[in-house]
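Peer 1: Same order as they appear, the protein sequences are chains A, B, C and D. In terms of this note's numbering, the first sequence is numbered consecutively and its last residue is 345. In terms of this note's numbering, the second sequence is numbered consecutively and its last residue is 690. In terms of this note's numbering, the third sequence is numbered consecutively and its last residue is 1203. In terms of this note's numbering, the fourth sequence is numbered consecutively and its last residue is 1537.
Just so you know, the hints here were simulated from the structure itself, not pulled from any lab data. Idealized CB from N, CA, C, for every residue including glycine. Misleading hints may appear alongside valid ones.
[Claimed, not checked] Ranges between beta-carbon positions, derived for each pair:
{"id": "1", "chain 1": "A", "residue 1": "Gly146", "chain 2": "C", "residue 2": "Ala1086", "range": "31 to 39 Å"}
{"id": "2", "chain 1": "D", "residue 1": "Gly1481", "chain 2": "A", "residue 2": "Trp122", "range": "46 to 54 Å"}
{"id": "3", "chain 1": "C", "residue 1": "Lys792", "chain 2": "A", "residue 2": "Val204", "range": "54 to 62 Å"}
{"id": "4", "chain 1": "C", "residue 1": "Ala1075", "chain 2": "D", "residue 2": "Pro1401", "range": "44 to 52 Å"}
{"id": "5", "chain 1": "B", "residue 1": "Leu378", "chain 2": "A", "residue 2": "Ala121", "range": "32 to 40 Å"}
{"id": "6", "chain 1": "A", "residue 1": "Ala136", "chain 2": "B", "residue 2": "Tyr527", "range": "32 to 40 Å"}
{"id": "7", "chain 1": "D", "residue 1": "Asp1515", "chain 2": "B", "residue 2": "Ser532", "range": "48 to 56 Å"}
{"id": "8", "chain 1": "D", "residue 1": "Pro1243", "chain 2": "B", "residue 2": "Ala453", "range": "34 to 42 Å"}
{"id": "9", "chain 1": "B", "residue 1": "Leu378", "chain 2": "C", "residue 2": "Ala961", "range": "36 to 44 Å"}
{"id": "10", "chain 1": "D", "residue 1": "Gly1454", "chain 2": "B", "residue 2": "Asp465", "range": "48 to 56 Å"}
{"id": "11", "chain 1": "C", "residue 1": "Arg1076", "chain 2": "B", "residue 2": "Tyr527", "range": "55 to 63 Å"}
{"id": "12", "chain 1": "D", "residue 1": "Pro1243", "chain 2": "A", "residue 2": "Val335", "range": "54 to 62 Å"}
{"id": "13", "chain 1": "B", "residue 1": "Leu460", "chain 2": "D", "residue 2": "Asp1432", "range": "35 to 43 Å"}
[Unchecked claim] Some but not every residue of chain C turned toward chain A, in silico, with C-beta under 7 Å:
{"id": "14", "residue": "Leu776"}
{"id": "15", "residue": "Gln791"}
{"id": "16", "residue": "Thr794"}
{"id": "17", "residue": "Leu807"}
{"id": "18", "residue": "Asn808"}
{"id": "19", "residue": "His810"}
{"id": "20", "residue": "Arg814"}
{"id": "21", "residue": "Leu817"}
{"id": "22", "residue": "Ile818"}
{"id": "23", "residue": "Val1022"}
[Claimed, not checked] Counterexamples of contact, computed for chain A against chain B with all Cβ distances above 10 Å:
{"id": "24", "residue": "Asp32"}
{"id": "25", "residue": "Leu33"}
{"id": "26", "residue": "Ile44"}
{"id": "27", "residue": "Asp57"}
{"id": "28", "residue": "Ile59"}
{"id": "29", "residue": "Asp120"}
{"id": "30", "residue": "Gly155"}
{"id": "31", "residue": "Gly162"}
{"id": "32", "residue": "Gly169"}
{"id": "33", "residue": "Gly170"}
{"id": "34", "residue": "Arg234"}
{"id": "35", "residue": "Val245"}
{"id": "36", "residue": "Ala314"}
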Amino acid sequence: MSETLSTGKASAPVPPPTRPPSRHLALARLRDLALVPAIIAVAIVGWIISPVFLSTDNIVNVLQSMSEIAILVLAQTIVLITGKMDLSLESTFGLAPGIAAWLVIDPALTRGLGLGLLPDAWAVPVVLLVGALVGAFNGLLIVRFGLNGFIVTLGMLIILRGLLTGISGGQTFFALPGSMTYLGSTSWFGIPASIWVSLLLFAVGIVVLGHTRAGRALYAIGGNADAARAAGIRTDRVLWIALIVASVLAALAGLLISGRLAAVPAAQGDGAIFQVFAAAVIGGVSLNGGKGSVFGAFTGVLLLFMIINVLTLAGVPAQWTNFLNGAVILVALVVSRITGGKAQT
Amino acid sequence: MSETLSTGKASAPVPPPTRPPSRHLALARLRDLALVPAIIAVAIVGWIISPVFLSTDNIVNVLQSMSEIAILVLAQTIVLITGKMDLSLESTFGLAPGIAAWLVIDPALTRGLGLGLLPDAWAVPVVLLVGALVGAFNGLLIVRFGLNGFIVTLGMLIILRGLLTGISGGQTFFALPGSMTYLGSTSWFGIPASIWVSLLLFAVGIVVLGHTRAGRALYAIGGNADAARAAGIRTDRVLWIALIVASVLAALAGLLISGRLAAVPAAQGDGAIFQVFAAAVIGGVSLNGGKGSVFGAFTGVLLLFMIINVLTLAGVPAQWTNFLNGAVILVALVVSRITGGKAQT
Amino acid sequence: MSATPHRPGGGPVGEDRPVVEAVDITKRFGSTLALSGAGIMVRPGETHALVGRNGAGKSTLVSILTGLQAADGGAVAFDGRPAPPLADRDAWRQRVACVYQKSTIIPTLTVAENLFLNRHARSRSGLIRWSSLRREAEQLLAAWSVEVDVRQPASTLSVEQRQFVEIARALSFGARFIILDEPTAQLDAAGIHRLFTRIRDLRAHGVTFLFISHHLQEIYELCDRVTVFRDARHIVTAPVAELSRQALVAAMTGEDVTMPEAGRRPLTSDAPVLLSVRDLVTSSGAELSMEARAGEVVGIAGGGGSGKVEVAEAMVGLARPAGGTVTLAGRVLRPGSVPDALAAGVGLVPQDRHREGLVPSLSIAENVTMTVPDRVGRYGLISPARRDALARDTIADLTIKAAGPQVPVSELSGGNQQKVVMGRALANDPQLLVLITPTAGVDVRSKQTLLGVVEDVRRRGAAVLVISDELDDLRNCDRVLVMFQGRVVGEMAHGWSDNDLVAAMEGVDLHHV
Amino acid sequence: AGCGDRSGDATGSGGGKPLIGVDYPRSDTDFWNSYIKYVPQSADELGVELKTTNSQNDIANLISNAQTFMSQGVKGVVMAPQDTAAIAPTLSQLESRKIPVVTIDTRPDSGTVFMVVRADNRAYGTKACQFLGTKLGGRGKVVMLQGGLDSINGRDRTEAFNECMGKEFPGIKVFGEATDWKADVAASKLQTRFASDPDIKGVYMQSSFALSGTLQILKQRGLQVPPTDPKHVFVVSNDGIPEELKNIGGGLIDATVSQPADLYARYGLEYAKAAIEGKTFQPGPTEHGSTIIQVREGLLEDQLPAPLVTLDGAPIGGQPTVKFDDPSLWGRNA
Ligand SMILES: Nc1ncnc2c1ncn2[C@@H]1O[C@H](COP(=O)(O)OP(=O)(O)OP(=O)(O)O)[C@@H](O)[C@H]1O
Ligand SMILES: Nc1ncnc2c1ncn2[C@@H]1O[C@H](COP(=O)(O)OP(=O)(O)OP(=O)(O)O)[C@@H](O)[C@H]1O
Ligand SMILES: [Mg+2]
Ligand SMILES: [Mg+2]
């Protein structure tokens, strides 16, 4: 009720220096770290349930199994900060490696599944190119034609998934060329490369979004697009780039998982978008734009996957895992509401 | 310091109106009818592809197969007009009849699947009650605790689906009592009751949202919640009621489809929410609240199902149906953008 | 004084080239012609005023002069050279800085970042140096004695602080030409004073200003020349000293609006007490006790932060008070309940029409009847015919310029929107009319209409509360309560002098020191 | 995978019972839920200790679950990869740790497993085709309610059904409808088909998910009549859940293929246990009435019987069928 009071000309009868000057800053930093206690708590609970939880082996397992979704979360975070959303990322995740496989793999090896049109070396460029094209098409409809982002990308989600089903006939592409499987299956310094890649991308994301003009432009657009435009930010161009970068990241994530599976199932990424949104929002990214950090998003996805791992280790009956998963998301939401301290937006 | 103007009643005559007085009304009506040409076009195309398309049998078939989703669209429309959204409707759609079946059906008949706690007559009330409880819980989190509606209902989507899997062990509830199957399987005047029910609900929706103070309150809240509150509308209460009504409608829709299938599969409604959103938005309902009509939403869902039916009759190869479906949604969106005439919000 | 589609201006042009010259500018928004062959010429070193009624096209011209929008026709030149292409924002910003009418503060970002948006201090590696950015921001704000922590999000600023951040940012570009679009609308007297001192300072250093305001006295106080727009056209440009207030208003409205003061009927001393407020305390600590009699118009004045709006909002149920009672015609209002206040006969014009006054997507008819569903139908059903009839009455009574009751409010001009808000407040024939800053951002003409309504309402025997810091709003009150820092510090009877009231609002009591 | 020797030490398995990890493929179909129910029962009977996970029909989950099994130090893994191509890297990882794998229901496209326990999905399609073709006398129209296009089992059934129809009953026209394993999609596609071709005489459902929706449509159209009536529509289902057996008894449907959910659970665990104990197997008949075949080098497959269940148990096309109330059917004992 009191929120109706506070804006307007006479905001407070008593002048405002009632709060310590640095509180907001502290709060902003705190919000970045909001999930750290929860992560520690889950780690302890997990360790109690099964000492295996904190073994190097299991930690690597958690990090690897989250690495691809984490990159999707990073992509979604970039888009959310600009005040848009991109549901189609989950389909790009499957379609981009799917198209590359389709064009590259030899039909002789796979009972006629591929076209074998391009040499193997083209596979990875094609993956990224498909990502860029999808992002550019989204940009065309959203930025250029002013269509609503939610519904454009919902349409794209369905259409891109349909396209993958169409070219594959619903089957799984396998016998992928080595260039496609390398990144998802190799290890560097004893740790799977996909972990390195996802951590690196998050580090880059933290620097770009936190410490470059381009990154700050995303926040400015999400906070108030008109004001950003008035400040000389080329809002349209930045939105295009954000959408394209997000789609390319999704394509890259798809490449990683295809490498890990050494195959591209037609259903790759199906339903992942729910998890992606949940992780981003639990990590403090606002659906209304302008708020949230890459580090927060990372903690969000880490927390989710740790909990899933604990539930698996605890041997929760199969039919109740989904329920517990949902419950965890809801609880995380309520908790982040309490630590966040005000109505979420 | 002050201006030397004295006050007094302005006597300037009202300037001549610059545009015909009914234009706005006409425009608003036009927007309601925006999809009618498209519907006619699809009907003609369908008839060319297969003369069966316009047979009574097939029209009844289209109306019946869309009836349950149409009620979900109605429910979502109510929530969207208030400026919120409810993703969890798709899970309520399965959970409500699932819980009723669980409580009512005799474990002896179904090898231990039900509890047989309640007499058959309770089944329908339980369905509706579950719907109301889900809506009330959403209301608690969204209206009372001020949590973001998208993410609350996303969490609820997952949790409610998990709950249904939990109680059913993932199995299908069979042997539903007659009270649960009646509405979904009977016919009145030679037309399936579910068609009557959905048409009736839409008619009620048109009257309530268009011509009652409660209905207009939904638009006012969606258009500007603060202004609605300042105008004496009990915004919180109206939001609660809207969420509860929507969930009850979803439960009712679930009852209809369970009646039609004479069973409650654990995956009932899975993925339906995408279709529901697409239908509502194509039908002109704004995701930002305050705009759209029940009739428009009806034309949206009708168009979608007609197209699906045409694709089926045309015998489109199975692997391309999803793609075509998505393409149709996207095209419908672009077309509604052109007829709508300005940037969608 | 007809429109001049060609080069505007009068008087001798100096040897200097004009800082900016816009010629024959036309701009259309859909069916609205916002500018039609309008122009302006601003000379170096002068402070040029631009006035006109709401919707005259002033802000549209500003957005064209600052390169935010392209004109449909016409030309803009700076220092005699054609304006840079729209995409080259940096070139525009070297030529002109601007405080826009619509806030360009980004609430989610820190104050410091707002000040240096898109021109952050960077190290050689291209990364932002947050510490030096913060230092620069602190220095910048210190010059304006705005005391805020620059690290806090801009959403925590008061409206006034926010306005100063905008101003400080605009002036920090080092541009030689600065446009201020209604910079004073959100400031109290002290703030305005600070701003004006600074403008005079800069002017002494040769900075040119284009200044837009609906407060005509500010034009006379500050400006050298004035340009008047009306109905999207340029009407006249003249030195301020040569244009009387009468003539200025006539140019703005196209008619002579001075009217005799309506016969003020003195309040009968035996009029019953209608409203009684006892020890009302708001959640932010402002307090008020008062009474108002039938037919009485009571003003509540106060500067920014005086608590006048809070007490008013608590009174009508928009906010839940911390304590106290409000009694209207013997009925005790339920605290924090707007529906109860409406039922008791309160009519309200809230402070900010965009936030609380209107549902822009709905029609005039729906907005006007929103508080009185009972009067336009029965059993919860609404009769469109009765609704439109009621709305048509309101449109006629308040001379709302609109094609009909079905027009969405979003398509009305600002002044007309405010009239719709007034219409909504009057729809339930209120016993108590509460007007919170009812003429904010409304042009002189519409002001008259709105204040004229007050006179009608008091004649019907209702009580009226006018909460404002605009003297014109308060002039017709039988008495004015003055609030300062959450307390009533004085009461002034009808006929107060401007100086006394302003002093009281500033917390200075001229008579009882 | 740096620490492969962990699985060698004795932690993890308790009390001398071998520790076996079982991954359930999904928990939203009746058939797999029966399987989930049978697994712990069989584990008790065989005296093995269980760790279970559920990959929810998502290959990425299955991979992560396999990792978890390795962390937990299981000695053998039973899984049912619904994606037979994408499982290869996981199999080689398990192999490198010397953990034997038994796959249920599906045969990996590549990689080594100790044993594949499955019924032949292509045989399901062929059996359904034989039944419908024989009953319709080689003429008429049938609708095939396919599963999801992305399911190998669904595709096998579709291909075999189409192949058999084309070869043996060219007079029958088949409408294939993709349903995504969804009951409501199946119902409306079937209804659309009946609208366009009211003279449909047979329905083949690739899974019991479409069962009650199909029955409702037949009922609504007044086609629920005994087989002797010329209006009868022959319905073949698949899975062998109790509801289907009941409906065969009630004359509502005509046949189903009984997938051996109980045998899947039992022999999956038995082969895993045998592998841990170091036993080996050779192609040839087994003592439980099935045949082990060698599919390719290093890949043995135990093909469990999946009988066609009918009302009378009479042979169809020369192949034996099982009567619906035969006590050997798992659906009788569920
Ligand atoms: N983006 C827009 N789209 C449509 N119409 C617009 C837009 N911007 C301005 N207008 C219309 O153009 C006209 C001129 O508006 P403008 O904002 O320039 O007026 P103004 O003189 O600044 O008024 P005020 O004194 O209220 O600020 C108005 O009728 C307004 O409604
Ligand atoms: N954004 C808009 N879209 C469509 N029509 C508009 C828009 N803004 C204004 N109009 C219409 O343009 C006409 C002129 O508006 P304008 O703002 O110039 O009115 P005005 O005479 O200045 O009114 P006021 O005295 O209230 O300022 C009005 O009929 C108004 O309804
Ligand atoms: Mg105007
Ligand atoms: Mg303006």
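Peer 1: Now tell me if each hint is right for this structure.
Peer 2: Do the hints match the structure? See the list:
no. : hint                                   : in the structure
1   : Gly146(A) with Ala1086(C): 31 to 39 Å  : holds, 38 Å
2   : Gly1481(D) with Trp122(A): 46 to 54 Å  : holds, 47 Å
3   : Lys792(C) with Val204(A): 54 to 62 Å   : violated, 35 Å
4   : Ala1075(C) with Pro1401(D): 44 to 52 Å : holds, 51 Å
5   : Leu378(B) with Ala121(A): 32 to 40 Å   : violated, 55 Å
6   : Ala136(A) with Tyr527(B): 32 to 40 Å   : violated, 53 Å
7   : Asp1515(D) with Ser532(B): 48 to 56 Å  : violated, 34 Å
8   : Pro1243(D) with Ala453(B): 34 to 42 Å  : violated, 23 Å
9   : Leu378(B) with Ala961(C): 36 to 44 Å   : violated, 56 Å
10  : Gly1454(D) with Asp465(B): 48 to 56 Å  : violated, 25 Å
11  : Arg1076(C) with Tyr527(B): 55 to 63 Å  : violated, 42 Å
12  : Pro1243(D) with Val335(A): 54 to 62 Å  : violated, 35 Å
13  : Leu460(B) with Asp1432(D): 35 to 43 Å  : holds, 39 Å
14  : Leu776                                 : violated, 11 Å
15  : Gln791                                 : violated, 11 Å
16  : Thr794                                 : holds, 4 Å
17  : Leu807                                 : holds, 4 Å
18  : Asn808                                 : holds, 5 Å
19  : His810                                 : holds, 6 Å
20  : Arg814                                 : violated, 13 Å
21  : Leu817                                 : holds, 4 Å
22  : Ile818                                 : holds, 5 Å
23  : Val1022                                : violated, 19 Å
24  : Asp32                                  : holds, 19 Å
25  : Leu33                                  : holds, 20 Å
26  : Ile44                                  : holds, 24 Å
27  : Asp57                                  : holds, 28 Å
28  : Ile59                                  : holds, 26 Å
29  : Asp120                                 : holds, 26 Å
30  : Gly155                                 : violated, 4 Å
31  : Gly162                                 : violated, 3 Å
32  : Gly169                                 : violated, 5 Å
33  : Gly170                                 : violated, 6 Å
34  : Arg234                                 : holds, 18 Å
35  : Val245                                 : holds, 22 Å
36  : Ala314                                 : holds, 16 Å
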